Each structure stands twice: as C-alpha cells, then as structure tokens.
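Residue numbers (full-length UniProt numbering), protein chains in the order written: chain D, 1 to 363; chain B, 1 to 212; chain S, 1 to 619.
The set of hints was computed from the structure by calculation and includes no laboratory data.
It cannot be assumed that every hint is accurate.
Unchecked claim - Partial chain S-side listing against chain B, Cβ under 7 Å, derived:
{"#": "1", "residue": "V175"}
{"#": "2", "residue": "F206"}
{"#": "3", "residue": "V213"}
{"#": "4", "residue": "M223"}
{"#": "5", "residue": "N227"}
{"#": "6", "residue": "I239"}
{"#": "7", "residue": "L243"}
{"#": "8", "residue": "G592"}
{"#": "9", "residue": "S598"}
Nothing here was measured: the structure is a model prediction, and the numbers come from that model.
Beta carbons are placed, not taken as given, at the ideal position from N, Cα and C, and that holds for glycine.
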Amino acid sequence: MKGWMGKSRVLFLFGIMLLTLTGCGLPNLTALEPKGEGADVIYDLMMLSVIIMVVVGVIVMALYFFVLIRYRQKEDNQDYIPKQTEGNKFLELLWTVVPILLLIVLAVPTVQKTFMLADTTPAEEDKEDAVTIEVTGKQYWWHYNYNGLEVQASQDLYIPTGERVYLKLAASDVIHSFWVPSISGKMDTNPGTGNVNEMWINAYEEGVYYGKCAELCGPSHSLMSFKVVAVSPEEFDQWVEEMKNVNPDATPESESAQAGKELFNSKGCIACHAIGSSPAAAGPNLTNFGSRVKIAGILDNNKQNLIDWLQHPEEIKPGNKMTGKYGNTDADNPLTSEEAEQLSDYLLQLNPTEITPEDAEAQ
Amino acid sequence: MSSDQLQRLKPGQSPHEPEKATLEGKNKFLGFWFFLGGETVLFASLFGTYLALNGPESNTSGPGPAELFGLELVFIMTVILLTSSLTSVYAIYHMKNLDFGKMQLWLGITVALGLTFLGLEIYEFYEYVMHEDHTFTSDAFGSAFYALVGFHGGHVLFGLLWIVTLMVRNSKRGLNLYNAPKFYIASLYWHFIDVVWVFIFTVVYLMGKLGG
Amino acid sequence: MSTATAQKKGFGATLWDYLTTVDHKKIAILYLVAGGIFFLAGGLEAMLIRIQLAVPDNDFVSAGLYNQLITMHGTTMIFLAAMPLIFALMNIAVPLQIGARDVAFPFLNSLGFWLFFFGGVLLNVSWFTGGAPDAGWTAYAPLSTTSPGHGVDYYVMGLQISGAGTLIGGINFLVTIVNMRAPGMTYMRMPLFTWTAFVTSVLILFAFPALTVGLFLMMFDRMFGANFFDPQMGGNHVIWEHLFWIFGHPEVYILVLPIFGLFSDIISTFSKKRLFGYSAMVFAVVLIGFLGFMVWAHHMFTTGLGPVANSIFAIATMAIAVPTGIKIFNWIFTMWGGSIRMTTPMLWTVAFIPSFTLGGFGGVMLAAAAADYQYHDTYFVVAHFHYVIVGGVVFGVFAGLHYWWPKFFGTMLSEKLGKLAFWPFFIGFHLTFFIQHFLGLMGMPRRYWKFLPNQDLDLGNLVSTIGAFLMAIGAVIFLINVIVTSVKGEKVSGDPWDGRTLEWSIPSPPPFYNFTQTPLVRGLDPLWIEKRQGNGKMTPAEPLGDIHMPNNSFIPFVMSLGLFIAGFGFIYQVDDKNWLIVGIAGMLITLGSMFVRSVKDDLGYHIHKEDLEKGAGSE
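Please model the complete structure; the sequences and the hints are all you need to start from.
Right, dumping it as structure tokens:
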C-alpha cells in the first residue's frame, strides 16, 4: 500500500517537473501560445475540455485511491467474504446523467466553433477586400496563388495581419495537411479538383510563424516546413505591388550571378521554376528566393547551405523531385562546385521586395 | 450419433426440418446468417463506392450510365435470377418433405437459370468492353461498375459451383442429417445473391438510366 | 494433452498435432505464440522509431526506412499482435466460461488462425523483398496507390488474408456463444468477458467487410489498373478514408471491449465481489459497440467533410464517453467494500483504470471537432491512442495472460517476476506517452522522421525514448518469467485464484474435452455460488456419457498456404504476367482444399464413457 502511494507520488512530481522544464514550446510554433484568431478560439475550447476532464479526473482518482487503500485485503482477515452488492440505482443514474450534462457543456461550444472556423462565405462572394489564396501542397513544398492579385509565391506565405485571410487548399500529388499551429488549426490539402478545402487564418501580430505538413506524404514529410510571414496590411499591399512588378529578366549585378542566370536558363531550371507572376508551378516559384526564411524549408538561408542543397538534394530532402534533374550524368555531383556557386549567387540576389521576413520579425 | 447422421432420410419420415435437427446443423444455419450479415456490409461498401463514382466527374472517358445501359437485357437477367430464387425455394420445400429426387430436380433448374444469368452477364460485359470503350481501367466509373457487378457475378459463379458440388456429391446417397444443412445454407446464399441483384438492378441500371 | 505429455510425444508428432489441431485451447496457444512473436517484432520497430527520435535531426535510420518502420509498427501491432492476442484469450476462455466442449466450428477456428498467420507472414516477408509498406498503417491513397515498389502490395495482400481469418473467427465466436452455452447459462448470467467477446465478434462481423472492400479496391488500383482513388481518372481518394475508418474505428472497440470484459472478471475475482451493476455493464458494452459504428468520421475532421458532418460526428463521439464512464465507476464500485488481493493480474488491472481514464480524456478532447484541428495528426493523437491501446489492450493482455496462464499451460507465472515486469513497463509507459500530448500541441506532427533542432521539442522526445526503453525492460522481464515458468513446470490446481466462473471448475490445463459432464449453471458467477453453498464444484447437467469430438484436419493449413502463395502471384504479376500462374495455382490450392472439405464427410469421433471414467480429468 505504501509502495503504491510512494511510487505514484514520485511519478506525479516527476511529471510536473518535466512539464515545467519543457514549458509550452517555442513561440510562433506551439499551439499553446495562440498568436491568431483560429488558434485562440481552439485554445479556449481546449482549456474548457481540460477543466471538465480535470474535475472528472479528480473525482475518479479520489474514489480510486480511497478504494485501493481502504479495501486492500488485510493479512489477518483473508477469509473475509464481502457483501455481494448487485448495484445501486441512484449511483448508476448519477454517473450516467452527470457525464451527459458535462458533455453538453462541451458539445455546445464545439459545434459553435466548428461552424465558426468553417465560415468561409466572404471568400466565395469574392469580396474585394478579402485576401483569398490558393494553397497547393506538393512533395515537399507549398505554392501560393494570390487570387486576383497576380502574385505567385512559394514556401513563405505573406499575409496581412488583423484580418481573416481565406485559403483554398488542394494538392497536386498526394494528401498533405496545412498547419500553422500558433495561428490556426490544420486542414488537409486533397489532390484533384473535387475535394478543395477552405479555411481562414488570422494572425494578430506581425511575425514569422512556423508551418508544417501534418499528413504523411512520403519520405520527406517531416521536412515539408514552410513559414507564414504576417506583415501589416500596408506592408502587405506594398509587398503585392513589388511582387507583381518584378522583371523576371532583370540582369544581375555581379558577374557570377550573371553566369548563374545563364545556367538557370541553359540547364532548364526555368522550365519548372517561375520567376515573376507566371502561374506555372511544377517547382517552387523563386521570385523572392533571396528573402526566403529557409532554404528547402529547413536550412538557414545562406550561400553555403544553398550550394549544399543544389549539389546534394537527395541527402537533404529524400525523395524530392530535384534529385537527378540537372541534366548532368554525374549522379553524385550533378553540378560542379563552380556552377553551384554561380547559381547560388543568382538565386540569392532574387530579392525584389523591401518587405522581408526580417521586417515582420523585427516587430 | 454422428454416423446416424449419414442415414438416408425418406419422404414421410421425421424430422420436418432436417437442416436444424442437429447441433451442427443449427450452428451452420446461424453461422451462415451471420456470414450473410457480413456480406451485406461488403456489398453496402461496394454500393457506396459505386454511388460515389457514378457521376459525370468520374466518367472521364467512354459513355456514361444513361448511354451505356440497355434495360431490356438487364430486365431479362433480373427475371431469370428472380425465378431461380423461386425454384430454389421449391427445392428447399421438397427437402423439408425429405423428397430428395424433387429437390435435386429443382436445384438443377436453379443451376440452369443461374448459368443463363451468368452467360448473359458475360455477354453484357463483352459488349461494353469490345464495343463501348467501357472497361475496368477506362475511368473511375468503369472501375466502380465492374467491381460492384463483377463481385456479384463472382458470387453467382461461386454459388453455382457450390450447389453443383453438393448435388453431385450426394446424388447417390440422398438426403441425410449431415448434408441437409449444407443444402439449406447453399439455398440461403442463393437468395442473398438474388437480393443483392435487385439492388444492383435498381441502383445501377434503373437509376443510371433514369438519372441520366 | 499438457505440454509435458506433448514433449513425450516427440517433436514431429507435436508439430503435426499443432498443425492439424482443432482444439480451441491449442489454437489459443498458437494465437498466443504467433501474436507474441509479432508483438516482439512490432516492439522492435517501436524501439528503432524511438531511437531515431531520441535527438533532433537524427540520421539513425533513413527517411524511407523510417516510413516503413512506422507503417509496419502500426500494422503489426494492430492486426498481427493485438488481434491474435485477443483471440488467444477469447479462445482459451470463452468456451470454458460458457461450459462448452469446444467452439461451434472447430475447423473454422483452425482456418481462422492459419489465415491470420499466413497473412502476417506475407506482410513481413516484404522486409526481405525490397522494402516494407511505407504509407502508414492507414495507407491513405494516393500516397499508398502511388508508393513505388511492392511494399504496399504486401500490405494489401497480407491484410486481406489475415482479415479473412479474423472475420471467420468472429462468426465462430458468435455462434459459439449463442448456441453452445451450458444449461442454465442464460445471456444475463454470462461472465462479462464472454459478453464482450460476443459484442466484439459482432463488431468484427460488420466492420471487417468494409476493410475487405477497401483492400480490394486498393489491390485493383495498384495491381490491375483500376482508378478508384486516382483523381486524374475521376477517382476519389476520400472513399478509402471512409472505408478504412468504417472498419478502423470499430476495430479500436474490437480490441478494447474484450479487455473491458476481462478486467471486469479480474476485478470481481480479486475483490471477492460480484460485479457492481452487471446489467449496466452489459448495456454499456452493447452501447459502446453500437456507437462505435457511428463515429468513424472523427478520424477525418480535417479531410474537409464540412461543419455539419464534423459536428454530428463530434457529438456522437462524445456520447461514447458516457457508457465508458459507467464502466469505470462500476469497476471502482466493484472494489468498494471488497477484499482486494493485489495479484499480478489485479496489478495490471488497477494500473489500467487511471491509464485508460487518461486515454478517455484525450478521446473526449479529440472529439471536439474544432479543437481537433490542432490535435489531428500530431503526437497528441499518438499519445491518445497509445494510452488507449497500450494502457487498455496491452495491460489487459498482460493481465489476461497472468490470469489464464494456468488454463493455457497448467502452470502459474511467477508473481514476483510478474510484478517486477509490471513496474518498469507501467512507469515507462507513462513516461513515453504522457509527454507526447504536449509534444503534439507544441507543434510536432506524427510520422515525422526527424524533428528539427531549436524547436523546443528535444527534451520531450528524449524523455519519451527513455520511457520506451523502460517498457522494453518490462517486456523482457515478462519473457524471462515465461521461460522460467516453463522450465520449472510446476503444476497448479484447477482453481488457483479462487475463481468465480466455470473455467475454474475444471483442471489446469483442462482435458481436451473440457468438461467431463456439462455443468448446470445456477446464476451469475456459477462456481462462486456452488462454493458459497458448500458444494465446491459444479453440479453436472447430464449423466456421464460418450463425448463427441471433432477430427483434426490439415486442410486449414493448406487452404491458407494456397492464399499465401497466390498473394505472391498477384503481387508480382505487375512486373511479369507469368506470375499470374502462381496466383492461379495458389487459388486452385485453396479452392481445391475447400472442395475436398466440402466433399469429404467429417463426422468426428467419440470418447467413450468408460475411457472418461478411467482417466477422468487427467488425460
């Protein structure tokens, strides 16, 4: 009996300790520090359910420990035959009705919030002031088509703060799931045209938020990260203007970057990777590649990482579609170091917007 | 008691329900009903799939249901299969009267009708594949159609093989307490196939024709 | 036919005996051994997963192998470990608890086992033939339909074959429980384990065919060019999600209901009290089984079914908490006023209550559709279903094995080692999974090959991995217990626990005909009633007479082997049509076996009264 209580208490304290140590997770990633309306609404619902569960849990555990301690067989009384109770109508009714009442308390806001989060009517009515973005999940990156704004972008999703931005979610290959925990819950992106999903996101403040794919989509599922860059509405409008007016053929300044541009065309990169507002998106749109938060969604944005990524895509993101696509027969080293460097120089200077993630983060 | 089960039963003898006279028989009877419950879910799933995939968006190549189906042939098939269900009822009626000869006769007729049905179905599929560009792989509608109707056809084929096996195996020794339950559940299976066809006729053919 | 006598018979004869047996107790042992081996395989896969996730950005296993590991871990644990272990318990206990000499269809019982076994082996062969399935145990299309190689083909064929075995097993138990009960064993006198076995069998009957169809469609898509799940050709992958979960959700209850029943029996036995609120317990089980079919879409809240469907399924799911709560309270009140003996089976049971309650809380939280948009497909879900399946099913299997070990083998597992195995497993379990709730909410989706550094996910994952090792230690101690117990081979009496139900009224292990004379049942807990009235044993319901027994048969083995062979044929005909010959040959073996079975009379044999009198009970 003593052992029981002792061990449980240690376990309990240990658990509390661990939770304090781990905290609530990384801000702008964790769902436990909501930074957007959807996540906020869900957090409240989560807390309501936790409170109900804790109340029930305390009652159950109190009864449980009382029974275990009080009614252990006594050493000196092993032949004791307890009364064979059949049941108790009142008690049984009690623990049927009370849970039902508690569940109603939970069910009402659940239904209410489920409908609230699914309310995407403004997007359907094509209200001019509502930003609607077609989000497409692809192995293993994300593409965004800003409806009516002639802007295409990949990986970093720029949105204005303080308003509901409507998303139309689809996939081009297998199912993915769009999740930005600190701003909103997730929604699957289904392949095909028949199962397009809609949702909205609303970030309270400027910032760069972590986004992840939440539906198993192949070997690099865990590396299909993206970022949501929330900027003020004015900055967002500016960003849109800048993105819209990019000249895809602009000649880079440095010689190396110019050579990189040549390579970009001669190696056929351009066939899949659009620069500018062309809707073609077999590969990620590279218009603002230079200001990407991450390379390939996961590496810090610097030249060395980009060279590594260009030269060894399979090692960095297994199963990605870049592997073996450079038209070079040397499978281990498809681009020479020099070529990779030139391409990197070209790609990193693709930085046409004044509005960058750094602005959002600085806020 | 077990070898008694092989004793030949003659008309006029008891028991009246030889299929349920032994514990083994009762078990088979009940177990088979449960099995048909599972089969119902199986076909319900196939129907659900078909209903999800018989719309124009799933019909990416070849003709759709309204163009494709001809009700005349299917109506004849339906009549034939329904009749075979009736004839199998006669067979079981004679089994309950322990009249083995008549039971075999009616089972024979059932099998003949079943074979005709199967022949017509094969002819129907042949026409679709050869002349209508409606195949299992042409589009999702094709896949769903052949999966549902083909599963049923497979059941018909299995039922026929089963009944024929029973008829041949027991032709010499007649009816006894050991094989009566076997005949009985084979007839249950046959009725089930029939009921499924009624749904196929309605959901696939009638609704396909009228819905288009 | 104890192990001791079997050993005397020589290895070949014993092997043949087990290959052909139709005795439910030997089939239980087959299920136990096969399920146990698959459990170890699944456990090994789990350890590799946890090692990979011990530190951020780890490269212990490759991404492709990792996806194979998670897929096989889930598939193995559900279909090849939990299901057969449940079947082992049902086989050993249900016929004994209702006073039957065997199940209704001994032949089908054997067939069910061999189908499961060959299906499981087929699935695991994929490890050695170019890669296991890698689309998750849920095998969502189009990832599964487009997965390269043959891994998913093995998944489809393996599960199809073993699923057929499960379905057969379910029907068998239904008929057994309806038709084979001893005189006086009315429905409302059945032990709760038998009741739950009954409801579970109903669920198997109505749930597995949906999986069968789903697997057929996937097989057609992958191997025969059909387009069910291909959006380019008009297909719709959401159909797979529906079919899978129409099966998959009841599957959870298929696994956990018998465990509820088992815990009810154990709590009653070791509290020396009749089960509190027996009829409410039966009602709750039936209600859970019924509602279990109404809630499948709660696995699809983020698929995009719309707020109406999501709300309906959310409420239906919450409703299940009510009967489950009833059960928890009834268990606690069974112990209330009792005389609790903390034996190993009872220890696992007592540990189950808070663990499963936590799992249930997670379940209610997940049921709130809107909130599920955060939980879905994260480690929160992983935590929840491991709380339910490990905290429920695995604890239950451990409890059940300790409890019924005498009926399996005639020996008792060591209580000391049993408790020694319990503590690391129990502590390790909570350490592994409790923290995962938080990992999920902190932004870790499930099925992640690696988590990246600097996302505050390191500590939680490390703790989880440490917990997993503790669980492994517990499992190893249990295995040591099994070995030590078998080597010692100390025989026990028929009723070592002071039991209340019929299985304790006969020797351990029971003779192959179970009951020399069918017992007369006079109420709930029939043996307890007789003990209290001073009889100490059951009153026979019939005079001593000849006992009819079924013949052994090798046909189930051959029939299943045929499908196993056909499986390879269907898998490889995609590359080379000549393999179709193998497929057809396999099918012919199976159909031929069915034909032989149909044509050959199998009337069984009799044990004569005189022989029974001579060797009554010992054999």
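Right, here's what the structure says about each hint:
1. Here the hint on V175/S is kept, as its CB sits about 4 Å from the closest CB of chain B, short of 7 Å.
2. At about 5 Å, the closest approach between the beta carbon of F206/S and any beta carbon in chain B falls short of 7 Å, and the interface hint on this residue holds.
3. With its C-beta approaching chain B no nearer than about 4 Å, V213/S sits inside the 7 Å limit, and its interface hint holds.
4. A least Cβ separation of about 12 Å between M223/S and chain B goes past the 7 Å threshold, and the interface hint is therefore violated.
5. Hint status for N227/S: holds, given a least beta-carbon distance of 4 Å to chain B, under 7 Å.
6. Hint status for I239/S relative to chain B: holds, with the closest Cβ pair at about 5 Å, below 7 Å.
7. The beta carbon of L243/S comes within 6 Å of a beta carbon in chain B, closer than 7 Å, and the hint placing it at the interface holds.
8. Taken as an interface hint, G592/S does not check out: its beta carbon lies about 12 Å from the nearest beta carbon of chain B, beyond 7 Å.
9. Look at S598/S: its Cβ gets to within about 6 Å of chain B, closer than 7 Å, so that hint holds up.
Checked against the numbered hints given earlier, this structure breaks hints 4, 8; the rest are met.
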